[in-house]
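For the record, the sequence lines run as chains Y and A.
Residues in the first sequence are numbered consecutively from 2, following our numbering.
Residues in the second sequence are numbered consecutively from 2, following our numbering.
Please note that a few of the clues may not be correct.
Treat identical chains as interchangeable: a pair holds within one or across any two.
Stated by the list, open to error - Derived pair list, reagent style SDA-like, types lysine to any residue, alpha-carbon separation capped at 25 Å:
#1 21 <-> 51
#2 65 <-> 22
#3 4 <-> 20
#4 12 <-> 25
#5 12 <-> 52
It is worth saying that the hints were derived from the structure and are not from the lab.
No experiment lies behind these values; they were computed from the predicted model shown.
There are 2 protein chains.
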Amino acid sequence: MLKAKIFVQLKASVLDPQGKAVSNSLHSLGYTAVSETRISKYIEISFESDDRATVMQQTEEICKNLLANPNTETYHFELEQQN
Amino acid sequence: MLKAKIFVQLKASVLDPQGKAVSNSLHSLGYTAVSETRISKYIEISFESDDRATVMQQTEEICKNLLANPNTETYHFELEQQN
Chain Y
2 MLKAKIFVQL KASVLDPQGK AVSNSLHSLG YTAVSETRIS KYIEISFESD
52 DRATVMQQTE EICKNLLANP NTETYHFELE QQN
Chain A
2 MLKAKIFVQL KASVLDPQGK AVSNSLHSLG YTAVSETRIS KYIEISFESD
52 DRATVMQQTE EICKNLLANP NTETYHFELE QQN
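Same shape as in the complex, but just chain Y (with noise of 0.2 Å):
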């Protein structure tokens, strides 16, 4: 079995509403050292294969087809060996 574990984050240009968001709310909680937030996502994907150039290219798709938006996003991953 195999696991991708994948992130998808918000391209370095695009503003995250959310991060700025939580970064505001940690200011007035009195943590003013923290500078920015960014805020993004993680996937595990599991695979009941042990082929790692397959898993690895049809994680590269589900990537690029349906996890993550090209204008606004990138992504990297990497695959684990699981018992």
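Since the structure of chain Y is provided, determine the placement of chain A on it from the hints.
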């Protein structure tokens, strides 16, 4: 400058409807090897500080009081030195 890299995940016992929806979509698209999908939050907080002990303690408080719902979610984080 320190950056806190925080994962906020649903407890394993809690149903993840968003992940279930993605799994169903992937099966419909022909990715039949997919057995489970879990969707989590990944949050990066940048601190204008190099005091690891304080930042560690503040991040712990922030996770507990703002970012994670203790009833349904768990969190873990690591600190990374930034230039």
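Taking the hints in turn, this is what the structure says about them:
{"no.": "1", "hint": "21 <-> 51", "result": "between (41 Å within a copy, 22 Å between copies)"}
{"no.": "2", "hint": "65 <-> 22", "result": "between (28 Å within a copy, 17 Å between copies)"}
{"no.": "3", "hint": "4 <-> 20", "result": "between (28 Å within a copy, 14 Å between copies)"}
{"no.": "4", "hint": "12 <-> 25", "result": "within (21 Å within a copy, 28 Å between copies)"}
{"no.": "5", "hint": "12 <-> 52", "result": "neither (31 Å within a copy, 29 Å between copies)"}
Of the hints listed earlier, the one the structure fails to meet is number 5.
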